[in-house]
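*Asks:* Residues per chain are reported as follows:
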Amino acid sequence: MRAFRSVTAATAVLDRADVDTDQIVPKQFLKRVERSGFGEFLFFDWAKDPDFELNRPEAQDAKILLAGRNFGCGSSREHAPWALQDYGFEVVVAPSFADIFISNCVKIGLVPVALPPDRVKALMSSVAGGGELTVDLETKTISAPGNLVVPFEFDDFQRHCLLHGLDDIARALTHEAEIIAYEQNHPAPFETTALP
Amino acid sequence: MPKTLFDRVWESRLVAEPPGEPALLWVDLHLVHEVTSPQAFEGLRLAGRRVRRQDLTLATMDHNVATGAGPADPLSQAQLEALERNCAEFGVPLYATGSGREGIVHVIGPELGLTQPGLTIVCGDSHTSTHGAFGALAFGIGTSEVEHVLATQCLPQVKPRAMRVLFQGELPPGLTAKDVILGAIGRLGVSGGAGHVLEYAGDVIRGFSMESRMTICNMSIEAGARAGMVAPDDTTFAYLEGRPAAPQGAEWESALDRWSTLASDSDAVFDTEIEIDVADLAPQVTWGTNPGMVAPIDGVVPDPADYPDAEERETVERALVYMNLEPGTPIQDIAIDRVFIGSCTNARIEDLRIAARVVAGKRVRNGVRAMVVPGSAGVKRQAEDEGLDRIFEAAGFEWRRAGCSMCLGMNPDILAPGERCASTSNRNFEGRQGRGGRTHLVSPALAAAAALEGRFVDIRDLAAAR
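Those protein sequences? They're chains A and B, same order as listed. Counting from 1, position 17 in the first sequence corresponds to residue 17 in the working numbering; the numbering is continuous, with no gaps. Count along the second sequence from 1, add 1000, and you get the number used in the working numbering.
Think of the hints as simulated: they come from the structure by calculation, not from any bench. Only a predicted model underlies this, so the values are computations on that prediction, with no experimental measurement involved. Glycine is no exception: its CB is placed at the ideal position from the N, C-alpha and C atoms. Among the hints, erroneous ones may be present.
Taking beta-carbon pairs under 8 Å as the criterion, some of the chain B residues facing chain A (in silico) [said to hold, decoys possible]:
#, residue
1, ASP1028
2, PRO1296
3, GLU1430
Isolated chain A, as found in the complex (with noise of 0.2 Å):
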């Protein structure tokens, strides 16, 4: 995973709720045995429309993307950040996000920010027809036009990992002997290789 410490870029605003994983990445482009390429099929249907909000002009090149609550609902698929990061966000801001979709990005280094919805509505009026915002993970605030500074809060040990890019195998790893110790008092309750 690569790491992340800071961005400043230009912001796109999709400020819709409950934006669900089938819109971020439809089904028909997880039949990919690739982790990458995803980028080109980002809220494919959606993006047919000439006027929806990726396509305006001061979102060309959005390393930043605000949105509405509950972002990124119902599929687990991990396609949706992959397209996220791969079409080229670094960073998503909004009042919620589904459980499972928060978990995916922090594993891929895509930083997720939960900021109150007030603060999400300033910060679209800030970058309203363009601007640039700078998100920080260091100092874990947003700077906006506007001398606007809006601050956040982040898990630390999240935070540590995304700053580090640390990789999740190699640190549970650390722990083998707890793991074997665990497989040593716990019989397991069946063979899945050795059903009828």
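Take the given structure of chain A and dock chain B to it, following the hints.
*Replies:* For chain B alone, coordinates are given in the frame of chain A:
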């Protein structure tokens, strides 16, 4: 200190609790399918890692498979073949299409007796919550987490909060688990359960079969909860006894002793508690583009003007445009083109029996295309042994092979743009069943009745649905 059922399972599966980090949680059963696993196996390959516990892992083919006569499309076929290669390379047992053991992962786990009380179960699919019906802690994970579990049999997890959903009152005749859970999601909203593990309780749940409990737990994720649980009881034990992976002999007896302790203490404290009275519940039909947009069968399509919150009003307006529905339209006036009876929510034998009772001796209305897709090869065999396939086919339904089918349209079973479908599945998102398709989520009884009438009908009026 009093504990919840969730506390008990969670605490028994802790491998390590490193300070300042998420706990490392043991995984007892990892179910794998073709869509969310190829990149995980590739990750193992690149890192030179192996599958740590092949004996706790099981793969099947479900999302992509063609359930009709033809083969899967070439891209799907490539993904199915990738799963076959990966399972062979990494020693993971695979229940492939045509083996007679395949099916939707959330149907075959319980069917095989792998889904047991007190276990932790994960799968790269959000409807893994289904398995919580047995008192297991079961939740969906992303592909990075699939790779993590393959490599370590553990997952780093921050403990979610606990919510009890207590159903009060007696369920009226003709209503099913699907109506109960759709009604609950309508109440909770699609993010009301976020950050929580739900425990479903109350006499209604106790009276439900395992199939019905699975329908309830399956849709926990539609309320935003990663997992839903039901404390195991005699119904659970009777379902499991004698299944291939269930304990036998002396082990069965000791398992029963262990499982019987899996309940929340009467004085256990939940972070959130809600009560839902089901005594006045009517059959439920969704009208919008998420499962919380739901109305009773005797209700009407809502008016966006009645929503005081601007964001919600906008969401409803957008949904009605997509669904091509006018505010105030009676639900029973909505005409449908297609009927889909299937999915991990409602494709078990009980669901098919209920639907068959409604359609027996009748005909699907002209112009309506209706299909039944059993949840597994096992369910299909059992239904055929009971003659249900003949009832459905005589009524004009298509009788398909097992798979996820039109629940998510990753296979040839899709809606055409503009088509309207009564579906027993779990998601009515835009384009879910095919681009431009319009999905109304309902129970199997209501879907069956809609096939006969070409519109939604109040199944409480039908003796056969009772």
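*Asks:* Does each hint hold? Answer for all of them.
*Replies:* Hints, one by one, checked against the model:
no.	hint	in the structure
1	ASP1028	holds (6 Å)
2	PRO1296	violated (22 Å)
3	GLU1430	holds (6 Å)
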